[in-house]
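Undergrad: Chain by chain, the residues:
Protein chains: 2
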Amino acid sequence: MALPSVSTQIQLVARPQGWPVDGDFRMTTVELAEPGPGQVRVVNEYISVDPYMRGRMNDVKSYVPPFALGETMTGGAVGRVVASTVDALKVGDVVVHQLGWRDVAQGDAAQFRVVPEVAGVPVSANLGVLGMTALTAYVGLLEVAQMVPGDTVFVSGAAGAVGSMVGQIARLKGAARVIGSAGSDAKVALLTGRYGFDTAFNYKSGPVTDQLAAAAPDGIDVYFDNVGGDHLEAAIATLNDGGRAALCGAIAQYNSTDAPVGPRNMANIVGRGLMLKGFIVGTYLQHYPAFAAEMAGWLAAGEVVFDETVVDGIEHAVDAFGSLMRGANTGKMLVQIARPS
Amino acid sequence: MALPSVSTQIQLVARPQGWPVDGDFRMTTVELAEPGPGQVRVVNEYISVDPYMRGRMNDVKSYVPPFALGETMTGGAVGRVVASTVDALKVGDVVVHQLGWRDVAQGDAAQFRVVPEVAGVPVSANLGVLGMTALTAYVGLLEVAQMVPGDTVFVSGAAGAVGSMVGQIARLKGAARVIGSAGSDAKVALLTGRYGFDTAFNYKSGPVTDQLAAAAPDGIDVYFDNVGGDHLEAAIATLNDGGRAALCGAIAQYNSTDAPVGPRNMANIVGRGLMLKGFIVGTYLQHYPAFAAEMAGWLAAGEVVFDETVVDGIEHAVDAFGSLMRGANTGKMLVQIARPS
Chain A
1 MALPSVSTQI QLVARPQGWP VDGDFRMTTV ELAEPGPGQV RVVNEYISVD PYMRGRMNDV
61 KSYVPPFALG ETMTGGAVGR VVASTVDALK VGDVVVHQLG WRDVAQGDAA QFRVVPEVAG
121 VPVSANLGVL GMTALTAYVG LLEVAQMVPG DTVFVSGAAG AVGSMVGQIA RLKGAARVIG
181 SAGSDAKVAL LTGRYGFDTA FNYKSGPVTD QLAAAAPDGI DVYFDNVGGD HLEAAIATLN
241 DGGRAALCGA IAQYNSTDAP VGPRNMANIV GRGLMLKGFI VGTYLQHYPA FAAEMAGWLA
301 AGEVVFDETV VDGIEHAVDA FGSLMRGANT GKMLVQIARP S
Chain B
1 MALPSVSTQI QLVARPQGWP VDGDFRMTTV ELAEPGPGQV RVVNEYISVD PYMRGRMNDV
61 KSYVPPFALG ETMTGGAVGR VVASTVDALK VGDVVVHQLG WRDVAQGDAA QFRVVPEVAG
121 VPVSANLGVL GMTALTAYVG LLEVAQMVPG DTVFVSGAAG AVGSMVGQIA RLKGAARVIG
181 SAGSDAKVAL LTGRYGFDTA FNYKSGPVTD QLAAAAPDGI DVYFDNVGGD HLEAAIATLN
241 DGGRAALCGA IAQYNSTDAP VGPRNMANIV GRGLMLKGFI VGTYLQHYPA FAAEMAGWLA
301 AGEVVFDETV VDGIEHAVDA FGSLMRGANT GKMLVQIARP S
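Respectively, the protein sequence lines represent chains A and B.
Residue numbers in the first sequence follow the UniProt record's numbering, run continuously in steps of one, and reach 341 at the last position.
Residue numbers in the second sequence follow the UniProt record's numbering, run continuously in steps of one, and reach 341 at the last position.
Be careful, since some hints might not be right.
What the hints assert, rightly or not - Here are the simulated distance ranges between beta carbons:
(1) B:Glu-294 to A:Asp-108: 51 to 59 Å
(2) A:Val-30 to B:Leu-172: 54 to 62 Å
(3) A:Ala-290 to B:Val-305: 46 to 54 Å
(4) B:Asp-258 to A:Asp-59: 29 to 37 Å
(5) B:Thr-29 to A:Gly-174: 54 to 62 Å
(6) A:Val-30 to B:Gly-219: 34 to 42 Å
(7) B:Ser-256 to A:Ala-213: 20 to 28 Å
Simulated from the structure, these hints should not be mistaken for laboratory data.
Virtual Cβ for every residue (Gly too), placed ideally from N, Cα, C.
Based on the sequences and whatever the hints tell you, model everything.
TA: Structure representation (structure tokens):
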């Protein structure tokens with residue numbers, strides 16, 4: 001492999017009003033200096049596009065600061081070291097890092113973490129089933145919503161990268177019943193087939209509250225929210241006494257320019273002793289070792305399946321993000337940058 | 001004291017549409033039989049009127065079932081045994097029970113709990129500072145919202161029976177700053193004076209979000225919600241990363257006939273990792289002994305003050321409830337039935 005000295009990068013140049021458009025981004029080419037002391041150069045193989053990035057395109061106070069205008073966007077990526085001035089990182093090592101949205105990344109070695117290469121597991125899995133995506137599902141379900149065996153669990157956006165993991169982890173952890181919602185009949189079939197959900201519904205086929213009530217005649221104990229909006233309201237209507245909801249995101253509202261509407265049934269939260277708890281995975285990283293060990297076992301035993309939707313080329317990263325926002329992906333949405341040598 | 005054999009009782013005869021009106025209730029007189037085996041007769045001294053009772057007047061599924069139409073309403077009360085057929089309850093004992101909204105109560109002894117008479121503490125305190133009211137404040141703040149020393153705490157409806165306890169317990173438990181809201185300048189003065197809040201504001205004087213931001217320039221860590229509506233939205237806007245809200249009630253919306261509006265800033269819950277948790281005191285009764293011991297110590301040391309607003313006579317119970325709904329009370333709202341003999 002030649003050592004590339006040019007990096008093609010995607011920068012945010014305008015804050016999207018509603019749905020992101022091409023004009024909100026630009027592609028630029030950066031000439032890289034030789035790696036300095038303590039630095040490495042990495043050729044990215046895959047970059048991750050995730051729903052939370054939409055929030056970072058806005059200029060609002062948040063746990064995670066907004067993307068800066070005119071700077072290259074960041075995000076999860078996995079690649080291979082092509083040049084290194086430090087002993088801990090060797091040429092050929094596979095590393096994960098946050099310098100996504102570029103084909104070649106260069107920086108201080110501390111920004112990169114070496115991951116093992118496991119036979120039969122693609123390196124892209126480090127962004128999904130072995131990465132932040134599945135960790136999000138794991139901690140949201142078990143730490144935030146405190147699922148216990150026997151719970152009935154409802155997951156929205158269940159065919160997505162996080163949702164499909166939530167459903168499978170819930171089953172493996174002893175949920176009595178796992179219910180999912182998704183935006184097409186094909187995804188619904190995937191949920192009850194490949195992903196092993198007990199039942200699922202297409203939220204575009206009727207009111208969410210009615211469909212959820214039919215799917216959960218005895219109510220739900222845990223809700224994992226990827227969607228917000230009417231899904232959250234339906235869950236609040238359906239949660240049993242003492243029920244818990246982990247709020248992971250609200251993709252239904254990310255691109256809305258209207259003032260969002262809050263759930264109109266907040267009174268249920270008092271009367272039924274419900275808990276709604278938001279989270280971002282970054283504050284639960286201490287659970288990574290336990291998660292990684294358990295997930296590796298499930299993968300080795302064939303008890304967890306995962307899907308990827310792959311778009312080719314850094315020049316299509318913005319398209320990939322738009323497809324993700326429209327729900328065109330099944331499982332983890334990735335941009336493939338370089339093919340493994 | 002003569003042994004009364006007639007009981008005057010308040011019954012719900014129609015479900016209120018919006019604000020309760022006199023026609024939703026009737027006063028009736030019941031002739032009591034002699035207490036049967038295992039029964040006692042109690043002359044009530046005080047009955048409690050509480051905001052949660054408004055919810056029970058509606059016919060909606062809830063943790064606590066609705067009041068039945070045509071039956072006598074129930075609720076906290078304290079009285080004195082005037083006749084007993086059981087050894088455990090003696091004539092003259094002070095008892096607390098749930099057979100409120102009547103001047104004389106009769107029933108199985110198991111429904112009545114004897115409370116000690118403490119010099120300097122009125123029997124009415126068993127409904128307030130030593131009863132469910134202050135237990136609500138205690139468990140909501142410490143168990144539900146998990147307040148820890150150093151937290152900045154915001155309480156709405158802070159001059160009410162629960163709110164005034166929340167503020168004082170927060171201070172005694174080491175809150176860095178205690179902020180309250182109330183509906184009049186006189187109540188605001190009471191908060192920062194008698195009740196020891198660090199700062200307070202009149203929610204009728206301007207937008208809650210603006211006033212709360214001014215009162216809490218470094219944000220809040222805990223919110224105790226007695227009000228709902230724009231107070232809850234303001235708290236969600238102001239809670240710091242990892243902040244917790246205990247949802248105790250939403251008096252602002254109890255009498256509304258419009259569809260309630262939910263908080264429009266639910267996205268903050270995800271981004272800042274906030275927790276909203278509803279509760280009713282009935283599911284936290286296991287904390288009563290710890291609460292009672294701690295509160296008795298605070299009272300004996302003069303570290304907690306409490307107020308009562310007392311309306312005289314069972315025939316004015318509905319008026320008392322209406323006054324409570326309009327915020328005319330300071331501290332615990334009570335209906336005095338019989339004067340201690």
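Undergrad: Hints first: check each against the structure and report whether it holds.
TA: Evaluated hints:
1. B:Glu-294 to A:Asp-108: 51 to 59 Å: At 52 Å between Cβs, range holds.
2. A:Val-30 to B:Leu-172: 54 to 62 Å: holds (59 Å)
3. A:Ala-290 to B:Val-305: 46 to 54 Å: holds (48 Å)
4. B:Asp-258 to A:Asp-59: 29 to 37 Å: For B:Asp-258 and A:Asp-59 the Cβ distance comes to about 34 Å; the hint holds.
5. B:Thr-29 to A:Gly-174: 54 to 62 Å: Given a distance of about 57 Å, which is inside 54 to 62 Å, the answer is holds.
6. A:Val-30 to B:Gly-219: 34 to 42 Å: Since the Cβ atoms of A:Val-30 and B:Gly-219 sit about 38 Å apart, the hinted range of 34 to 42 Å holds.
7. B:Ser-256 to A:Ala-213: 20 to 28 Å: holds (25 Å)
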